[in-house]
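Construct the entire structure; sequences and hints are all you get.
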Amino acid sequence: MNVTGSDFTALLPLIILAVTAIVVMVGAAIRRSHALSASLTLIGLAISIGSLWIAAPLLPRQVTPLLMMDHYAVFYIGLIAASSIITVLLAYGYFEKYEGSHDELYILILVATLGSAVLVASSHFVSLFLGLELLSVSLYAMIAYPRRRPLPLEAGIKYLVLAAVSAAFLLFGMALVYGAFGTMEFGEIAARLARPDFNLWLVLPGTALIITGFGFKLALAPFHLWTPDVYEGAPAPVSAYIATVSKGAMFALLLRYFYQTGSHELEPLHLVFSIIAIASMFGGNILALLQNNVKRILAYSSIAHLGYLLVAFQASGDLAPTAVAFYLVAYFVTTFGAFGVVTVLSDGTRDADLIEDYRGLFWRRPAIAAIFTAMLFSLAGIPVTAGFIGKFYVVAAGASAAMWSLVVILVVTSAIGLFYYLRIVVALYSQSTQTPATTSLARPGVVSLIFLSAALIYLGLFPSPLLALIHRLMPGLI
Amino acid sequence: MLDLLWLVPAIPFASAFVLAVFGPRMRSKAVAVLGAGAIAVPAVLMLLIAAAFVSAPPAGGAYTQVLWTWIGVGSFRPAIAFYLDALSLVMVVVVTFVSFLIHVYSTEFMRGDEGYSRFFAYMNLFVASMVTLLLADNLLLLYLGWEGVGLCSYLLIGFWYQDPVNGLAGRKAFIVTRVGDTAMAVGLFLLFHSLGTLRIQDLLHTASDQWQIGSPYAVAAAALLLGGAVGKSAQLPLQTWLPDAMAGPTPTSALIHAATMVTAGVYLIARTHGLYELAPQVQLAVAVTGAATLLMAGCSALTQNDIKRVLAYSTISQIGYMFFALGVGAWGAAIFHFMTHAFFKALLFLAAGVVIEALHHEHNIFRMGGLRKELPAAFWTFLIGGCALAGLPLITAGYYSKDLILWSAANSTAGTAGLWVAGIAGVVLTSLYTFRLIFVVFFGQPATPVSHRPGPAMMIPAFVLAFLSITAGFATTPFAAFMAKALPELHEGGMGMSEVINSTVAGLAFLAGLLVAWYAYLSNPALGRAAATSRVGRVLHRFWFSDWGMDWFYDRLFVWPVVWSAKANKADIVDSIYTGLTRLAALCHRYFSLTETGRLRWYAAWIAGGSAFAVAIAMFL
Numbered sequence: 163m164n165v166t167g168s169d170f171t172a173l174l175p176l177i178i179l180a181v182t183a184i185v186v187m188v189g190a191a192i193r194r195s196h197a198l199s200a201s202l203t204l205i206g207l208a209i210s211i212g213s214l215w216i217a218a219p220l221l222p223r224q225v226t227p228l229l230m231m232d233h234y235a236v237f238y239i240g241l242i243a244a245s246s247i248i249t250v251l252l253a254y255g256y257f258e259k260y261e262g263s264h265d266e267l268y269i270l271i272l273v274a275t276l277g278s279a280v281l282v283a284s285s286h287f288v289s290l291f292l293g294l295e296l297l298s299v300s301l302y303a304m305i306a307y308p309r310r311r312p313l314p315l316e317a318g319i320k321y322l323v324l325a326a327v328s329a330a331f332l333l334f335g336m337a338l339v340y341g342a343f344g345t346m347e348f349g350e351i352a353a354r355l356a357r358p359d360f361n362l363w364l365v366l367p368g369t370a371l372i373i374t375g376f377g378f379k380l381a382l383a384p385f386h387l388w389t390p391d392v393y394e395g396a397p398a399p400v401s402a403y404i405a406t407v408s409k410g411a412m413f414a415l416l417l418r419y420f421y422q423t424g425s426h427e428l429e430p431l432h433l434v435f436s437i438i439a440i441a442s443m444f445g446g447n448i449l450a451l452l453q454n455n456v457k458r459i460l461a462y463s464s465i466a467h468l469g470y471l472l473v474a475f476q477a478s479g480d481l482a483p484t485a486v487a488f489y490l491v492a493y494f495v496t497t498f499g500a501f502g503v504v505t506v507l508s509d510g511t512r513d514a515d516l517i518e519d520y521r522g523l524f525w526r527r528p529a530i531a532a533i534f535t536a537m538l539f540s541l542a543g544i545p546v547t548a549g550f551i552g553k554f555y556v557v558a559a560g561a562s563a564a565m566w567s568l569v570v571i572l573v574v575t576s577a578i579g580l581f582y583y584l585r586i587v588v589a590l591y592s593q594s595t596q597t598p599a600t601t602s603l604a605r606p607g608v609v610s611l612i613f614l615s616a617a618l619i620y621l622g623l624f625p626s627p628l629l630a631l632i633h634r635l636m637p638g639l640i
Numbered sequence: 024m025l026d027l028l029w030l031v032p033a034i035p036f037a038s039a040f041v042l043a044v045f046g047p048r049m050r051s052k053a054v055a056v057l058g059a060g061a062i063a064v065p066a067v068l069m070l071l072i073a074a075a076f077v078s079a080p081p082a083g084g085a086y087t088q089v090l091w092t093w094i095g096v097g098s099f100r101p102a103i104a105f106y107l108d109a110l111s112l113v114m115v116v117v118v119t120f121v122s123f124l125i126h127v128y129s130t131e132f133m134r135g136d137e138g139y140s141r142f143f144a145y146m147n148l149f150v151a152s153m154v155t156l157l158l159a160d161n162l163l164l165l166y167l168g169w170e171g172v173g174l175c176s177y178l179l180i181g182f183w184y185q186d187p188v189n190g191l192a193g194r195k196a197f198i199v200t201r202v203g204d205t206a207m208a209v210g211l212f213l214l215f216h217s218l219g220t221l222r223i224q225d226l227l228h229t230a231s232d233q234w235q236i237g238s239p240y241a242v243a244a245a246a247l248l249l250g251g252a253v254g255k256s257a258q259l260p261l262q263t264w265l266p267d268a269m270a271g272p273t274p275t276s277a278l279i280h281a282a283t284m285v286t287a288g289v290y291l292i293a294r295t296h297g298l299y300e301l302a303p304q305v306q307l308a309v310a311v312t313g314a315a316t317l318l319m320a321g322c323s324a325l326t327q328n329d330i331k332r333v334l335a336y337s338t339i340s341q342i343g344y345m346f347f348a349l350g351v352g353a354w355g356a357a358i359f360h361f362m363t364h365a366f367f368k369a370l371l372f373l374a375a376g377v378v379i380e381a382l383h384h385e386h387n388i389f390r391m392g393g394l395r396k397e398l399p400a401a402f403w404t405f406l407i408g409g410c411a412l413a414g415l416p417l418i419t420a421g422y423y424s425k426d427l428i429l430w431s432a433a434n435s436t437a438g439t440a441g442l443w444v445a446g447i448a449g450v451v452l453t454s455l456y457t458f459r460l461i462f463v464v465f466f467g468q469p470a471t472p473v474s475h476r477p478g479p480a481m482m483i484p485a486f487v488l489a490f491l492s493i494t495a496g497f498a499t500t501p502f503a504a505f506m507a508k509a510l511p512e513l514h515e516g517g518m519g520m521s522e523v524i525n526s527t528v529a530g531l532a533f534l535a536g537l538l539v540a541w542y543a544y545l546s547n548p549a550l551g552r553a554a555a556t557s558r559v560g561r562v563l564h565r566f567w568f569s570d571w572g573m574d575w576f577y578d579r580l581f582v583w584p585v586v587w588s589a590k591a592n593k594a595d596i597v598d599s600i601y602t603g604l605t606r607l608a609a610l611c612h613r614y615f616s617l618t619e620t621g622r623l624r625w626y627a628a629w630i631a632g633g634s635a636f637a638v639a640i641a642m643f644l
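Those protein sequences? They're chains A and B, same order as listed. Mapping of the first sequence onto the numbering used here: residues 163 to 640, in sequence order. Mapping of the second sequence onto the numbering used here: residues 24 to 644, in sequence order.
Treat the hints with caution; some may be incorrect.
[What the hints assert, rightly or not] Distance ranges between label pairs, derived from CB positions:
id, chain 1, residue 1, chain 2, residue 2, range
1, A, 594, B, 202, 35 to 43 Å
2, A, 594, B, 601, 45 to 53 Å
3, B, 580, A, 564, 43 to 51 Å
4, B, 75, A, 609, 26 to 34 Å
5, A, 360, B, 635, 54 to 62 Å
6, B, 606, A, 220, 24 to 32 Å
7, A, 631, B, 500, 49 to 57 Å
8, B, 597, A, 624, 57 to 65 Å
9, B, 580, A, 634, 53 to 61 Å
10, A, 359, B, 632, 28 to 36 Å
11, A, 609, B, 606, 42 to 50 Å
[Claimed, not checked] Far from chain B, some chain A residues (derived; all Cβ distances over 12 Å):
id, residue
12, 166
13, 263
14, 320
15, 362
16, 372
17, 387
18, 511
19, 571
20, 602
21, 616
22, 617
Keep in mind that the hints were calculated from the coordinates and are not lab data. All residues carry an ideal CB built from backbone N, CA and C; glycine is no exception.
This is how it looks when you write it as C-alpha cells:
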C-alpha cells in the first residue's frame with residue numbers, strides 16, 4: 163500500500179491533531195504552565211480546522227482502506243474541532259480553580275478529538291474500533307481527572323467498565339459480520355449485501371450487536387443507564403464534551419456505516435431502531451421530569467435528543483442527512499451553552515448542578531440567566547432558536563417518510579420535555595434573597611457563552627447559509 | 024436607494040431592543056433622542072425611497088427585496104421579503120412620517136413618567152411591526168407584523184398598569200381583536216391549502232386563474248380575511264374595544280388607535296383586492312359593514328362626554344368610510360382617506376392631549392369650556408383638524424377624500440343609492456359631533472383653570488399636521504394617478520351622479536350639521552339639554568352612549584356564559600384528563616427512576632439484556 167503526498171495532504175487535519183498532542187506533551191515535560199498548554203491546544207485545533215481548506219480540493223479520497231476523507235468527514239471534523247475549542251475555553255476557566263496539575267487534560271482532549279475525527283472518517287471496522295478506543299480511553303481519564311474527588315472517580319470507573327462491556331458486544335458484532343462477508347470494509351460489505359447469497363443469520367445478530375455498541379456510546383435506551391451518573395460525576399466541561407463530540411462523532415459514524423453499507427435497509431432492523439428511538443424519547447424525557455440535578459437533567463435530555471435524531475436517521479431519503487447534520491450543529495451549540503453556564507458558575511469545590519443553585523439567578527447575574535434561558539428554550543425547540551429549526555427538519559424528515567407513529571411520539575414526548583426545561587427557567591426568574599453577585603466569571607468561558615448564544619439566535623433566524631453548506635457537502639455520503 | 028428598504032423596519036426594531044435592555048439605565052434625554060431619532064431616520068429614508076421610486080419606477084411598478092428564506096420545506100418557503108408598490112409606499116411614508124411627529128410630541132408629553140424608556144421601546148417596536156406588516160411580501164410575514172402591532176397596542180393601552188381599569192381595557196382590546204385574528208389565520212390556512220403559496224402577488228394571480236367569480240373558496244377566504252380586518256380596524260361587530268383603548272397615553276391613541284394600526288384592516292383588504300373582486304358578495308358586505316359602522320359610531324360620538332372617546336368613535340366612523348370605499352370598489356379613494364385621516368385625526372388627538380394636560384388630566388368636555396383664549400394654539404389646530412374631519416368644503420383635506428368616496432358610491436357599479444344616502448347622513452353626523460365638541464370645549468364659559476402650557480415639542484408636530492390637514496386634499500388627482508399603478512380603478516356606472524351635485528349635497532350636509540351644533544350648543548344651550556332630557560332623548564342618549572348596547576349584549580351573550588360555566592365547572596372535567604396525564608407521567612418517572620440504581624453490575628446487565636433483546640427482535644420478528 164503506497165501512501166502518496168496527496169494522501170498526506172488529505173489527512174492533514176488528523177495529522178495536525180496528533181502532532182499538537184505530542185507538542186503539548188513535550189511542552190508540559192519541559193515546563194508546566196496551564197496557560198501555555200491551553201493556548202498550544204487552541205492553536206493546534208485552529209490550524210487543524212484551517213487545514214480542512216487545504217485538504218478539501220483533494221476530496222473525496224480513500225486514504226488506505228481504513229479512512230475515507232470526503233466532504234462528509236470534513237464537515238464533521240470541522241464541527242468536532244470547533245467543539246473542542248469551546249471545550250478548551252470552558253475547561254481553562256474551570257480547571258484554573260482546580261489545585262492539581264492541568265496540562266494532561268489538554269493532551270487528553272486532543273487525543274479524544276483525534277479519535278472522534280478518525281471515527282467520522284472511518285470506512286473500515288479496524289479504523290472504527292481504533293477511533294472508538296482513542297476516544298474512550300481519553301474519556302476515562304478526562305472524566306476522572308479531578309482524581310481526589312470521589313464523584314469523578316466513580317464516574318470514570320463506571321464509564322470504563324461499561325464502555326469495555328459494550329466494546330465487547332461491538333467486537334462480537336463485527337466478528338459476525340466479518341464471518342458472513344469475509345471483509346471489514348464498508349464498501350465491500352455494501353457490495354456483498356447487494357447480492358442475496360450471504361448468511362442472513364450471521365448478519366442480523368451481528369448488526370444488532372453493533373447497534374448495541376453504538377447505542378451505548380449514544381446513550382440510547384436501553385443502553386442509557388450510565389449517562390446521568392457519568393454526566394453528574396464528570397467535570398462540567400468534560401460532560402459537555404461527552405454529550406456533544408463523543409455522541410456527534412458516533413452518530414455521524416452510525417449514519418455512514420448504515421447508509422454506506424445499506425444495512426439500514428435490512429427489514430428486521432427497522433423495528434429495532436424504532437423501539438430504541440421510542441424508548442429513548444420516552445425514557446429520557448420522563449426520567450428528567452422531577453429531577454433536581456441540572457447535569458442529570460441535561461443527561462436525560464440528551465438521551466431524548468438522540469432519540470429524536472434516530473427518527474431522522476430512519477427516515478433516510480434526501481432530507482435525513484441534512485436534518486441530522488443541522489440537528490447535530492444546533493444540539494452542539496445548545497448543549498455547550500447549557501453546560502457552559504454550569505461550568506462558569508461552578509467554583510473550585512463543587513459543580514453548580516442543583517436547581518437550587520439557579521434559583522433567582524436572573525437577579526444576581528441577568529446576562530448568564532438570559533443565556534441559560536435561551537439554551538433551555540432551544541433544547542425545548544422553541545422558535546427563534548437553533549433548536550426549533552433542528553426539530554422542524556427532523557419532524558419534516560419523519561413526515562416525508564410517512565413515519566407517523568414515530569413523529570407523533572416525538573411531538574408528544576417533546577411536550578413532556580417542555581416541563582423540565584421550564585422548571586429550570588422558573589427557578590431562574592423566581593425571587594431570591596441573595597444579593598447581586600460581585601465576583602467576576604472566568605473570561606474565556608463567558609466569551610464562549612456569548613459566541614454560543616449569538617450562534618444560537620443566528621441559526622434560529624438565518625438557517626439557510628448552514629443548510630446550503632450542508633447541502634453542498636452531504637451528497638458525498640452515499 | 025431602494026435597496027435600503029430593509030433599514031426602515033430594522034432601525035426602529037433595533038432601537039426598541041436597545042431601549043428595552045438599556046433604557047432604564049439611560050438618561051431621559053438620551054432615551055428621547057434615541058426613541059425619536061430611530062423614527063426620524065426611517066422617515067427620511069422613506070421619503071428618499073419614495074423620491075427614487077417615483078422618479079425611476081422599478082419594472083412592473085413594484086420592487087421586491089428578498090432578505091432571506093426562513094425555512095424551506097416543499098412549497099412552504101416563507102421568505103423574509105419586502106414588497107414595495109404604490110400602495111405600500113404611500114402607507115409606509117404616511118406611517119413613518121406621522122409616527123415621527125408623534126414621537127417628537129411624546130418626548131414632551133411623557134416627560135417625567137417613570138416608564139419613559141419603556142414607552143419609547145413599545146412605540147418603536149410598534150413602528151417596526153407596522154412597517155413590517157405594510158411591506159410584507161407574504162401573508163406569513165404580514166401576520167407577524169399584524170400580531171406585533173396587536174401586542175404593542177395591548178402593551179400601550181395598559182401602559183399605566185397600576186390602574187386595573189387600564190389593564191382591563193388592554194385585555195379587552197387584545198381578546199376582541201383575537202377573534203378577528205383567528206378568522207384571519209384560518210383564512211391564511213385556507214389560502215395556503217388551496218393555492219399552495221403565501222406570497223401575496225402569486226396568490227392573487229393563482230386565485231384569479233383558478234377560481235371563478237363567486238366561487239365558494241374565494242368567498243370563504245375573502246370573508247375570513249374580512250374577519251381579521253374588522254377586528255383590527257374596529258368595525259362592526261368587533262368595534263367595542265376601541266373606545267376603551269383610550270385608556271392608553273394620548274400619543275398612543277393618536278398613533279396606534281387613530282392614524283395607523285386601526286387602518287391595517289383597510290390595508291389588508293386593499294392588498295388582497297383581487298380576492299374581493301372574485302367574491303362580490305363579500306365586497307358588498309364590506310361596503311355595508313362600513314356604512315353601518317359609520318352611522319352607528321357617529322351617533323355614539325354625539326353622546327360621549329370624554330373628549331378622547333368622542334374622537335375614538337369618530338375614528339371608528341371614519342374607518343367605516345374607508346371600508347365603505349373599499350366595498351364600492353373605490354380602492355384608491357379608501358387609501359386617500361386613510362392618508363388624510365391619519366393627518367387630521369392624529370392632529371385632533373395631539374391637540375386634545377394638549378388640552379387634557381393643560382387641565383390636570385381632565386377628560387370630561389363639560390368641565391372644559393372657553394379654552395379658545397386660554398390655549399389659542401390648541402384651539403386653532405383643533406379647529407383645523409375638526410374642519411378636516413367634518414369636511415369643510417373646498418379647503419380641507421377631509422372634504423376632498425370624503426367627497427371622492429361619496430362620488431364613487433354613487434358612480435360605481437358596486438354602489439347603490441342607499442349606500443350614498445348613508446354616506447351623506449354620515450357627513451351630517453360627523454359635522455354635528457365635531458362642532459359639538461369644538462363649541463363645548465373651546466367656547467362658552469371656562470370651567471377649569473389652565474395649569475400647564477405646551478412647549479414647542481408638542482406644538483410643532485401639531486402645526487405640521489395642521490398644514491397637511493389642509494394641503495393634502497389638493498393632491499387628489501396626482502394621488503389617484505399614482506394609486507392606479509397598484510390598485511384597480513373604479514368601475515364606473517351606477518347612478519351617474521355629477522360631481523357638482525354630489526359636492527353640493529355633501530357641502531350642505533356639512534352645513535346642516537354645523538348649524539344644528541351651533542344652535543344646540545352655542546346659541547341656545549338650553550335646547551340641547553332639553554332634547555337630551557326628554558324621554559325619547561334620554562333613552563336614545565343612553566342607548567348611543569353605551570355604543571348601541573353592544574357591550575351589554577356581548578356581556579350577556581359571551582362573557583357571562585363563559586364566566587358562569589367557568590365557575591360552575593371549577594373542578595374542570597376536561598382538566599382531569601390532563602391532571603391524569605401529569606400524574607401518569609410523574610408515576611412513570613418514579614418507576615423509571617428505580618432503574619437508576621447507581622450499581623455497575625445492574626447497568627452492565629441492562630446492556631446485556633438490551634443487546635439480547637435487540638438480537639432477538641432482529642432475528643425472530
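Structure-based check of all given hints:
| no. | hint | verdict |
| --- | --- | --- |
| 1 | A/594 / B/202: 35 to 43 Å | holds, 40 Å |
| 2 | A/594 / B/601: 45 to 53 Å | violated, 30 Å |
| 3 | B/580 / A/564: 43 to 51 Å | holds, 45 Å |
| 4 | B/75 / A/609: 26 to 34 Å | violated, 43 Å |
| 5 | A/360 / B/635: 54 to 62 Å | violated, 23 Å |
| 6 | B/606 / A/220: 24 to 32 Å | violated, 60 Å |
| 7 | A/631 / B/500: 49 to 57 Å | holds, 54 Å |
| 8 | B/597 / A/624: 57 to 65 Å | violated, 41 Å |
| 9 | B/580 / A/634: 53 to 61 Å | holds, 59 Å |
| 10 | A/359 / B/632: 28 to 36 Å | holds, 34 Å |
| 11 | A/609 / B/606: 42 to 50 Å | holds, 45 Å |
| 12 | 166 | holds, 41 Å |
| 13 | 263 | holds, 28 Å |
| 14 | 320 | violated, 6 Å |
| 15 | 362 | violated, 9 Å |
| 16 | 372 | violated, 10 Å |
| 17 | 387 | violated, 4 Å |
| 18 | 511 | holds, 22 Å |
| 19 | 571 | holds, 14 Å |
| 20 | 602 | holds, 19 Å |
| 21 | 616 | holds, 14 Å |
| 22 | 617 | holds, 16 Å |
Of the numbered hints stated above, those contradicted by the structure are hints 2, 4, 5, 6, 8, 14, 15, 16 and 17, listed in ascending order.
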